[in-house]
Amino acid sequence: MVQACDMDLVDALLARHGACGRQDLIPLLQEIQEAEGFLSRAALRRVAAHLHLPESKVYGVATFYNQFRFQPRGRCAIAVCRGTACHVKGSAAVLAALQRELRIQAGATTRDGLFSLDVVSCIGACGLAPVIAVGDDYHAGVSPTQVPGIVASYRAKLQALGEGVLEPSTSVEEVLA
Amino acid sequence: MTRAAQEVGRMLVQEVLAGKGAGLELKEWGRRQRREDVDHPLILVGAGTCGISAGADRVLASLRQLCPERGVALVEVGCIGLCSEEPLVDVQVPGLCRLGFRQVRQSHVEALLELAATGRWSSGLPQVLGQFAQEGLRPWPDQPFIHDHAFFAPQCRRVLANCGLVDPDSLEEAVARGAWSAFARLVKQGHPERVVDEVEASGLRGRGGGGFPTGRKWRLARLQPGPRIFICNADEGDPGAFMDRAVIEGDPHRVLEGLAIGALAIEAEEAWIYIRAEYPLAIRRLERAIAQARECGLLGNKILGTRHRLDLHIKKGAGAFVCGEETALIHSIEGKRGMPRPRPPYPVEQGLFGRPTVINNVETLANLPGLFQLGAKAWREQGQGESRGTKVFALSGHVRRTGLVEVAMGVPLRRIVEEIGGGVPGGRSFKAAQIGGPSGGCVPGHLLDVGVDYESLRGVGAMMGSGGLVVMDDSTCMVDVARYFMDFIQRESCGKCIPCREGTRQLKAILDGISRGRRREEGHGALERFQGVMGLERLSRVIQDASLCGLGQSAPSPVLSVLRHFREEVDAHVYQRRCTARVCPDLLLFRIEEELCSGCTACVKACPSGAIVGSRKAPHHIIAEACTGCGSCLSRCPKGAIQVD
Amino acid sequence: MLATLNGRAVEAHAGESILDLARREGLDIPTLCHLKGLSPSGACRMCVVELDGRPGLVTACSQQVQEGMAIHTHSPRAVEARKTIVELLLANHPDDCLYCVRSGDCRLQELAQTHGVRRRRWPAGMRHHRLDVSSPAIGRNPDKCILCGACVRVCEERMGVGAIDFTGRGSSTVVAPAFLGDLNLSTCVGCGQCIAVCPTGALREQSHLDRVVAALEDPEQVVVVQHAPAVSVSLAEEFGLPAGTDLNPQLVAALRRLGFHYVFDTAFAADLTVREEAAELVQRITHGGPLPLFTSCSPAWVRWLEQERPELLPHLSTCKSPQQMMGAVVKSAFARMKGLDPARIFSVSIMPCTAKKAEAARPEHAREGLADVDAVLTVRELARLLRQRGIRLTELKPDHADLPLGMRSTAGKLFGASGGVTEAALRTAHFLITGEDPPPMRVEVLHGTEGLRFATVQAGILQLRVAVASGLLQARKLVDEIQQGLHPHLHMVEVMSCPGGCVAGGGQPLSRDGDDAERRRAVRHAALLRVDDEGMLRRPHRNWAVGELYRDELGEPLSQRAHELLHVHRERPREVEA
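Residue numbers (the numbering used here), protein chains in the order written: chain F, 6 to 182; chain R, 10 to 654; chain A, 11 to 588.
Keep in mind the hints are simulated off the structure, nothing from the lab. Backbone N, C-alpha and C define an ideal beta-carbon position, used for all residues, glycine too. Where hints are given, some of them may not hold.
Unchecked claim - Here are some chain R residues pointing at chain F (derived, C-beta under 10 Å):
no.: 1; residue: 59
no.: 2; residue: 133
no.: 3; residue: 137
no.: 4; residue: 343
no.: 5; residue: 347
no.: 6; residue: 406
no.: 7; residue: 438
no.: 8; residue: 439
no.: 9; residue: 443
no.: 10; residue: 447
no.: 11; residue: 479
no.: 12; residue: 503
no.: 13; residue: 592
no.: 14; residue: 640
no.: 15; residue: 647
Claimed, not checked - Going by beta-carbon spacing under 8 Å, a handful of chain F positions derived as facing chain R:
no.: 16; residue: 70
no.: 17; residue: 75
no.: 18; residue: 76
Using the sequences provided together with the hints, build the complete structure.
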């Protein structure tokens, strides 16, 4: 699934900011990503031109920080917490299971555009480790064997939805039960 | 709140800060703001990020719907710190103490509302956590007090004093509990150098990791010509640390007041808060608090009618562990790659945009209001040796109670793990406490009595760091823990200096080699493994000696501390090819006990690598070459026939 | 200020770095990322030293000496750290030294040798990256990159181009153009200054050696060579002779030994360029063309202007560079004179420059499908060829270039250094305007070391105002100022892309470090000035061979034929869209 970046939106965003300097680079990238979900080459070029910076510098900055991604996010974004508490409770195996199940590496999006997989440093739910976030739902105490089931349930949901947007559904009670 | 009520609130805040708090009207106002006197029932929900991910958002959604019709007021508060019992919901009925409940689910909402509205107990209530003792309020009969709870009793809560108690979106509540009063006094006195004197006298040291004396840092900055810049570092990047987030979410005005005091001390007129973009709630609460403080004349031009001014900007960090390093953080604010540069010149000489800059971490700043309320002398009574005051730890891992813990520095680590944390659950035994994150180290059981202060922790090869404290039980493999941190560091290293970039990659490769099974080892694998282990210490020493920044210099600490305290476990991996904790999958040998196997094929279905063969109703076998050691079969076998050697 | 250096009391200057002090005291501390004149980056950590009373090691490049400091430059700890760093670099570096263009001239190899690294110590292997041979000037092999960042800093801080930067983070960091793309799609201007500072073989010139050797072996081809003014004063360094030795006669002899059929001097074409450019300047002044006139000899500058300030292209002189003028003349007038089929001529140039390779490949520098110049060798490539063919430069009998295209004025020779083009042009412009040679033969201010220099020369009733920009960073500054209207009466602007001009070009022999590079630039420049001082023919317009070319072929400067052969009419380059 090819998803293009809306350049009119990027241009409008840059125009709204007016003249800015180098210290505005990261906030600009953050805003564009917030609006578009990712940073396209075209958008990075516009930012470089807007700030009178070489494209290499803009790309260098964008690739330095974890937050920025260069592929559109999947319709359902999966984040695996890799904090220390989650690690000692087995998050590495959960991540491996997800990579196996989705056939992508962390940081990538599946070809059908349904799922993207990311590693985050800490979701902030250390007491419930290991934790993954699927869309807006949190799944606590996940084991590798649960992974295929979790992925399948969301795949079914997404396919049933068609073009629709995923709503949060699973409650923590269900997961913990 | 109506506009008029806001106006009144602002006026009252200004009067309190003007020192007129003793008047009867203001006393009444203060009691109401502190909820010592409520005229209608209240429900308070712990709505920090941790609470929300534990399910507080769903509880909140129900309450938002139902509270108005039941005549119950709803307040969102920050996190009181006991993460493992979240979501936490408190009920306050007029005249009675506030009563806290733990592990609250949507199904408990009705019962909680009933209790709040009518004072009636019902069977549908969640379990009680405890009640908050409060002046002038009757306690609930037969309910324990929070301050007697094993988690809270040994703590000394200064920075966290208001967390979970106050509505973080209310300046009035904060002021009624003393916020901004120290700053108001200092700014009116107008002697910035005395502020520095006081902080130096207190012995306050940076809580972000290094422990540099805060007063001395300020003094060095004051030697430089202005204009100076003050930065609050809220880029909490350690995996397993969330103190700063919780403090900002729970009590943003404490952080802002600390920042204002710091900026006043070095006479900076511009300040930045560099905060992780992954903390949206904290950012929202900070923005709200800044707007409120501005409206009350606590920030901006002519603060409280003096000549002092302070412009405050929020900069969202884009996610880089290394940006906790001062020069990297500065580059990041300047819109560059967050790569550290050699020091000198130090940031206090040449920092943001080339101007003298002081950078203090959130917890350091959050200590300042309390320090000036108590006075340096009283403040420094807590603590030990050169480590004065308290320290907040984020306690997590294999421990019964997890969450935020604030203790006087110097208390034994054992007290945090065993008393506050309640020890290791599940009948397992304690193995290590990882303290200080990727810059710190693992403290083994026989050193648990070490005091948590800068020097003592360094003495056992750990580090205060920013305060992450992860407890590990005997199911944890220490080689795996060292690998985990090296993997983290080699990804999070900025990539600039060679010892850190290449060295941590090699440390990780050596540890990978140690935990790689024979079946995946190539020709010279064994030789390389031995050579690698012999090189671990030498390489670690060079990385410590020669790296550019503090993060690089401390990067080998997790490895060194494992080598120092868990040598036998490392040796077992290297020489006997055994992972005693049965974690490293390559070193595990899975087999099926024929006598026990019923041939149900559950394991065949569970195996992701197709390593299990056998026909239905006949004993199955595991093909060792194909087995990845993932352990999926283990939990699926109904007969317990799968053995791990 | 007193300090002790390895136990010996030494006197340090205020603000001096430990590295500078040690080198001044005759003690070398190894460096990989240190660049003289740029702020210390502290990336390579090779220069770590031990200080009494400091727990860790400190970098000598960034640490200033303080009163009473006790410095140990080669303590066991420091040496072990350096050795380990080299081992770590080698673990992530190909082991193909024998096949590497920089073998024998590689800082990493040298450090491995001096620190006694004898085996691969660390287990994690190499990370592989894509080879980038897209640029006609510069080849990148990121596998050999040690991420010292010297190229990134030079490209940004010294050249103001910023074509490359660090991308990614941690152990997956790589130096690359934007989007990890190819160099030819980036803003790279091909100046080659990155090669000059690269300590390893990660950056090199695109080699034309093979095609030159093939042409020399081909009996059907007439191989003609020209050598640029700055070549004869630097080639000596490749053969262990003192920098600044002028080897012009030996160079000519060596080129003949290599088998080139005709040996010409690019300075002839420089004289020709002066005639055309001076005429163009006078025409613009008298007929109201766009002023100031920008010189066009430096191809990296031309590309920069096309990319960054296309609106100023009308200011650029339409003259081809001397290399291309020579190429055009060789395949036209010279071919006719000798009765040669231009298609049989293989035209080679020896240049101190990598951008010249890209310039020769540009489509406007070809007529009827024949490139004006077929191959461009840098000084380094020439030296490789000479060594391969066993030619002992110093033992050759001096020789003269072939006539008529080997005839030159010493002003043409001055093209090799910043200020020289202006100097030469002024000599002729003055003559064109007044009919007389200018009174002082040297406008000293033009040969200074500042990045931007201005001079006013009285030519009869006209005051000629000229500016010289040494390096693209300075050029950008000057162009900005011109666009802001700060220099309203300027007539001519000379730009050399490389700071110092061609004597410090990206194709010159490599220096060990920044200190040495600056010294070499200065002595090469001095050598060129000496050639001019001692020259008999110092005025471009007095070059009789150029005069004959006009008489026989071109008519007069700016004639139609001159335009056909010696000028280009540029269009704005198409924007590259990904």
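- State the violated hints by number, sorted upward, taking the hints as numbered earlier in the document. 2, 3, 7, 8, 15, 17 and 18
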